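Residue numbers (my numbering), protein chains in the order written: chain A, 461 to 574; chain B, 69 to 184.
Rather than coming from a laboratory, the hints here were simulated on the basis of the structure. Just so you know, these numbers come straight off a predicted model, no measurement behind them. We put the beta carbon where it would ideally sit given N, CA and C, even for glycine. Any given hint could be a false lead.
As the list claims (entries may be wrong) - Listed next, the stretches of chain B that the computed footprint assigns to chain A, with coverage defined by at least 3 CB atoms under 8 Å from CB atoms of chain A:
| id | segment |
| --- | --- |
| 1 | 96-110 |
| 2 | 116-130 |
| 3 | 172-184 |
Unchecked claim - Chain B side only, calculated, beta carbon under 10 Å to chain A, not exhaustive:
| id | residue |
| --- | --- |
| 4 | GLY71 |
| 5 | VAL72 |
| 6 | GLN74 |
| 7 | PHE113 |
| 8 | ALA161 |
| 9 | SER163 |
| 10 | PRO166 |
What the hints assert, rightly or not - Think about it this way: if two alpha-carbon atoms lie no more than 35 Å apart in a straight line, the pair counts; the simulated DSBU-like pairs of lysine-lysine are:
| id | chain 1 | residue 1 | chain 2 | residue 2 |
| --- | --- | --- | --- | --- |
| 11 | A | LYS528 | A | LYS512 |
| 12 | A | LYS516 | B | LYS125 |
| 13 | B | LYS83 | B | LYS125 |
| 14 | B | LYS85 | B | LYS125 |
| 15 | B | LYS79 | B | LYS125 |
| 16 | A | LYS512 | B | LYS125 |
| 17 | B | LYS125 | A | LYS528 |
| 18 | A | LYS528 | A | LYS516 |
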Amino acid sequence: GDSVTQMEGPVTLSEEAFLTINCTYTATGYPSLFWYVQYPGEGLQLLLKATKADDKGSNKGFEATYRKETTSFHLEKGSVQVSDSAVYFCALSVSSGSARQLTFGSGTQLTVLP
Amino acid sequence: GAGVSQSPSNKVTEKGKDVELRCDPISGHTALYWYRQRLGQGLEFLIYFQGNSAPDKSGLPSDRFSAERTGESVSTLTIQRTQQEDSAVYLCASSPGPGVGGDTQYFGPGTRLTVL
Numbered sequence: 461g462d463s464v465t466q467m468e469g470p471v472t473l474s475e476e477a478f479l480t481i482n483c484t485y486t487a488t489g490y491p492s493l494f495w496y497v498q499y500p501g502e503g504l505q506l507l508l509k510a511t512k513a514d515d516k517g518s519n520k521g522f523e524a525t526y527r528k529e530t531t532s533f534h535l536e537k538g539s540v541q542v543s544d545s546a547v548y549f550c551a552l553s554v555s556s557g558s559a560r561q562l563t564f565g566s567g568t569q570l571t572v573l574p
Numbered sequence: 069g070a071g072v073s074q075s076p077s078n079k080v081t082e083k084g085k086d087v088e089l090r091c092d093p094i095s096g097h098t099a100l101y102w103y104r105q106r107l108g109q110g111l112e113f114l115i116y117f118q119g120n121s122a123p124d125k126s127g128l129p130s131d132r133f134s135a136e137r138t139g140e141s142v143s144t145l146t147i148q149r150t151q152q153e154d155s156a157v158y159l160c161a162s163s164p165g166p167g168v169g170g171d172t173q174y175f176g177p178g179t180r181l182t183v184l
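Produce the entire structure from the sequences given, and follow the hints as far as they go.
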């Protein structure tokens with residue numbers, strides 16, 4: 461079945477450090493790929509998405525490129541801020557009949573220290 | 069505009085009791101999803117509604133779980149005879165439905181259910 465494997469956390473970085481959170485997937489068909497973020501005390505928010513191979517999603521300085529050859533969608537940011545502290549979830553969506561439910565990774569807790 | 073709302077935000081119940089969780093999707097969104105998030109884990113899909121089509125119930129963990137949706141608006145997730153392993157955050161999401169960008173899901177704040 462479909463699955464998403466994320467880099468295990470927690471991850472602790474200093475402000476302005478470079479961030480990579482690895483995400484690989486297994487899917488039948490051609491999935492859309494997503495990164496969602498959950499800030500402390502808040503609901504899940506879409507961070508970025510990519511719908512086909514070689515697409516790059518970007519938002520708020522974060523980027524991820526859909527790599528079909530390596531079945532990956534790694535999240536990167538060149539310079540993290542304290543306000544980026546959150547839990548990050550990689551997810552995929554593959555049409556299953558009429559459904560397009562999301563399959564999530566287990567999440568990566570990021571803490572950025574000043 | 070208004071996002072997805074859920075109520076209650078917190079629910080504490082005793083083992084064996086029934087609970088109802090409510091979701092109000094974004095107006096105009098035809099698709100609605102329920103997920104469960106156990107502590108420290110990712111989200112598990114429970115059920116999906118699309119317009120007036122029959123719901124996809126493939127993620128429901130047992131027959132104690134059921135959900136209804138009124139047209140393309142409010143949905144209620146019901147858990148009967150709750151067990152301690154049902155303790156989790158229950159998240160609702162909606163999306164515009166079929167079409168470009170229709171697969172982007174917007175999540176509510178969740179209902180934290182604690183079964184004592």
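Query raised in the report: Against chain A, with CB atoms and a cut of 10 Å, does the hint on GLY71(B) hold up?
Result: Because about 8 Å separates GLY71(B) from the closest Cβ in chain A, which is inside the 10 Å limit, the hint holds.
- Message: For the restraint on GLN74(B), tell me whether the closest CB of chain A is nearer than 10 Å.
- Response: 9 Å, holds
Open item on the list: Hint validation: VAL72(B) versus chain A, beta carbon distance must be below 10 Å. Holds or violated?
Closed with: 8 Å, holds
Self-check item: When the least beta-carbon distance from PRO166(B) to chain A is tested against 10 Å, hint result
Solution: Interface hint status for PRO166(B): holds (9 Å vs cutoff 10 Å).
- Item | Pairwise hint evaluation, LYS125(B) against LYS79(B), where the allowed Cα distance is 35 Å at most | 23 Å, holds
Note to self: Three residues or more, CB to CB closer than 8 Å: is that satisfied between the segment 116-130 of chain B and chain A?
What the structure shows: holds (count 6)
Is the Cα-Cα distance between LYS516(A) and LYS125(B) 35 Å or less?
33 Å, holds
Straight-line alpha-carbon gap LYS528(A) to LYS512(A), limit 35 Å: 8 Å, holds
**OP:** Go through the hint on PHE113(B) and say holds or violated, using the shortest Cβ distance to chain A against 10 Å.
**Re:** Constraint on PHE113(B) satisfied, holds at 4 Å.
- [ ] Quick one: see if chain A covers the segment 96-110 of chain B, three-plus residues with Cβ-Cβ under 8 Å.
- [x] holds (count 6)
35 Å limit on alpha-carbon distance, applied to hinted pair LYS125(B) and LYS528(A) | Roughly 30 Å between the alpha carbons, so the hint for LYS125(B) and LYS528(A) holds.
Exercise for the section: Count the residues of the segment 172-184 of chain B whose CB lies closer than 8 Å to any CB of chain A, then report whether that count reaches three. Expected result: It holds: at least three residues are needed, and the segment 172-184 of chain B offers 7 whose Cβ sits within less than 8 Å of chain A.
The structure shown violates none of the earlier numbered hints.
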